[in-house]
Amino acid sequence: MERIIGIDLGTTNSLAATVIEDGPEVVAPSGENPITPSVLTRSSGNWIVGEAAVAQRLTAPEQTVYSVKRLMGRDVEELAEEIKELPYAVIPAQRKLVKVRIGTEEFTPQELSAEILREVKRRAETALDETVSKAVITVPAYFDDAQRQATRAAAKLAGLEVVRILNEPTAAAIAYGLDERKDGYVAVYDLGGGTFDLSLLKLSGKLFKVIATHGDTRLGGDDFDRELMTLLRERLLAEHPEVTFERAETQQRLRKTAEEIKIRLSGSPETAYTLELPECGIMPQGLVTQAEFEERIAPLIERTLASCRKALGAAGLTAEQMDEVVLVGGSTVVPGVRKAVERFFGRKPHVAIDPYKVVAIGAGIQGHLLAGGRRDFLLLDVIPLALGIETLGGTFSKLITANTTIPAEVAEMFTTNVDNQTAIDVNIYQGERELVEDCRNLGRFKLRGIPPMPAGLPLVEVAFRVDANGLLIVSAKEQRSGTAAEIEVIPSHGLTQSEIDHILEESFDHAISDFNARQLIEFGQTAARMFRGIEQCWTVAEATLSTEERQELRTQMDVVRSSMQGGDAAALKRQIDALGELTRPLADTAMGRAVLEELQIAAG
Amino acid sequence: MDLDLLEERYQQLTVELHPDFYANASKRQQQQSELASTVLNRAYNTLRNPVARANDLLPRLAQGAALDERQLPSGFLMEMFGLQESLDELLESGIPEEIAQTRTDLTERHATLISGLALHFAEAEATAPPSTLQTLQTDLNAERYLHRLLERFPV
Amino acid sequence: MAYSEKVVDHYSAPRNVGSFMKNDDAVGTGLVGAPECGDVMKLQIKVENDQIVDAKFKTFGCGSAIASSSLATEWVKGKTLDEAMTIRNTEIVEELSLPPVKIHCSVLAEDAIKAAIADYKSRSAASAD
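Chains as they are written, first to last, in this note's numbering: chain A, 1 to 604; chain B, 1 to 155; chain C, 1 to 129.
Worth flagging that the hints you see were computed from the coordinates, not collected in a lab.
Incorrect hints may appear among the rest.
[Said to hold, decoys possible] No more than 16 Å apart at the CA atoms, straight line, and that leaves these computed lysine to aspartate or glutamate pairs for EDC-like:
(1) A:398 x B:151
(2) A:202 x B:8
(3) A:209 x B:7
(4) C:121 x C:82
(5) B:27 x A:161
(6) C:77 x C:50
(7) A:256 x A:223
(8) A:206 x B:8
(9) A:209 x B:8
(10) A:99 x A:78
(11) A:84 x A:62
(12) C:22 x C:54
(13) A:206 x B:16
(14) A:202 x B:4
(15) C:79 x C:110
(16) A:206 x B:151
(17) B:27 x A:467
(18) A:182 x A:323
Use the sequences and the hints to build the structure in full.
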């Protein structure tokens, strides 16, 4: 049975989980934090991902990328607000796509997410001591097709086969449902770093059925930070009107202080802060109370409750009918959020499962099921937003309505407008509004290969299918002639297959050079440690080795040194091994042994 | 229609057919499972919704007998046009209480029509007199006009 | 989908929207509905010496229904009653390039013209009595 791990690819943090003998567990190398911060920094042509990159947000803000998830599957116009606030450069690319520019290099959000996934994969592989190639990756339930496609492309770039794209609140519901095994209605309130989802499920026996979902893919803990940043900025300007916030460093210090205040306010009614701004030569201090914070974030929380009302309305249920409310996502530890949720549903929310880990755990369990490891539950999910096509006057004609259980399919007939027309263009949209301009254009598809006939005669049946991943698949057939019309979907926000392939090809080339570069650094460090050891026990060497042997050792050290200057990691490794051989006689002496042990450890 | 029984059967079948249990199977089996689940979901959604169910069942019950698909209760179209026109004014005037009242009235009328469908169906299934079938068809025709009116109210 | 400019034009700027006095003997009113979707359409003609001198409509329905009725009023103006009776829905489909799912909208417009003419004829017959 090939393992399928679960990965929660978050705005702020990412982590992996899988089922091991004792049950579902988050996976990380022993003794390490299982959470990989979704932060990456570019350093001399290489990526540093996770914890090590976090510190770089302050020191190298323009090279350090965070909140990539907010950019996934979105275009420049949609991201106008976000781009203003981000310290790194987000630039327009072809088809309104965005890229992140660092120095002279440019990266798609898919490539950046892929780096995070690669790191999560690497850490999981280290922890499990096996290769991982398949995964269940979670996305916000309210992610549209473009955002899901972008996530799948990222995984592909990271060398992961996505067996299933799973909705985050649904993943949490799996973990909760299997934990509690109680039938009834469950509301999952999922507030993460950058997204909000509310999913309503009905648990009955082994079936976990999503009834309705609603959300906001641009609302999360990041926005809480922004409110605190505004508060700090207002206070600072009242005292120091001369301070500008143009520098990325100043922005990032403000952000970091805001984050710290938010975290501390989860545990105490008030907190003091010191805003260190060495670049401005000031260090303002102050106090923020929970009440002040809650007042600032109240409109944001209200937006989440509006989503709750919409989902309940769509399901024809009331808040009182919920048998349980499960809190998911790091932002639900904010006391103001908990209070508001409790008030809205009239019951204390369920918090027994770690809100940071529950999504990954659920994904890990789903991966186990998909791998064939268990059959004791089944999850039925829905499409979050209606899918349809543009019709007359820019109106949106819904073909598959929101909250339809997936997989789902609808067929629609199309015909030609002029004689001998052999192609038809159709625009596909996703959303809940009446006009297409208020919905997201997923792409345009071109029906080709229609046999030449008088106008209106061809009947092309186009099937719109949403698979179990919530992804749209379009296929077409001309009914009169029986020929399968060719269909080509041109994504509006995503990468085309050939673009993905191109990036993959490039990254394979890079992978070899990246690997070599990393090995060169590692071997160089090994050699340096060996040199230190040899120098430390040189007196032993003088006593035990002949002049020739000592000369040979010195010569080999020089060979290693010059090999370190070269670019061939494998060659360097050979010279280091040869050096190791020459140091072996030193082990024969008692004095040398201790030093040599160190040498051997150093040489790995 | 026993909705509990429908739910139970749906659950049994979906557990047998769902793609989640075929992720490791051959490509062909995966496709079949995806297709079967899609069909099952569509059937379930049709059966669960009284109007969709009626629209699906009526032609089967009629067994080829010609039903007038345009027939409406007498004066109905005129009434609908009048309601549409007054709804234009009402929605523009924006008096929330009046809008809410009109909506409640129309919702009730719609619901009465739908519950009537079930009764006629029971009758039609037992004896299938052509008149009952035409009544059903007429009600279903009328339903769409009422549905259209209800759609105009803001959420 | 690529709709013809004409259809978008008729949809975004429909011609002849409104009503005539219903009990005017010179006016014929056709009220029709599409059970496929619940659209309702009222089309009125004003007749002088068997010639349609003016037409108005009001449609509660989708864009295609609005465009079809708008086009129908344009077409009947200036035609004799007999000429107007020959207008076919397929001509509307062709003129507006309606997609198959919207063909019933053109049927609705054709029905509305016929109903209006029939109404006018029955009224004038009644007033002649």
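Results of checking the hints against the structure:
1. A:398 x B:151: Given pair residue 398 of chain A, residue 151 of chain B holds - Cα atoms ~14 Å apart, limit 16 Å.
2. A:202 x B:8: 14 Å, holds
3. A:209 x B:7: Distance of about 12 Å is within 16 Å: holds.
4. C:121 x C:82: The hint holds at about 11 Å.
5. B:27 x A:161: Given that 16 Å is the threshold and the Cα spacing comes to 15 Å, the pair holds.
6. C:77 x C:50: Status holds; Cα separation ~12 Å.
7. A:256 x A:223: Given that 16 Å is the threshold and the Cα spacing comes to 13 Å, the pair holds.
8. A:206 x B:8: At roughly 12 Å apart (the allowed maximum being 16 Å), residue 8 of chain B and residue 206 of chain A satisfy the hint.
9. A:209 x B:8: 13 Å, holds
10. A:99 x A:78: 14 Å, holds
11. A:84 x A:62: 13 Å, holds
12. C:22 x C:54: Since the Cα atoms of residue 22 of chain C and residue 54 of chain C sit roughly 14 Å apart, the hinted pair holds (cutoff 16 Å).
13. A:206 x B:16: 12 Å, holds
14. A:202 x B:4: 14 Å, holds
15. C:79 x C:110: Measuring from Cα to Cα gives roughly 15 Å; hence the hint holds.
16. A:206 x B:151: 36 Å, violated
17. B:27 x A:467: 14 Å, holds
18. A:182 x A:323: 9 Å, holds
Violated hints amount to a single one, hint 16; each of the other numbered hints is respected by the structure.
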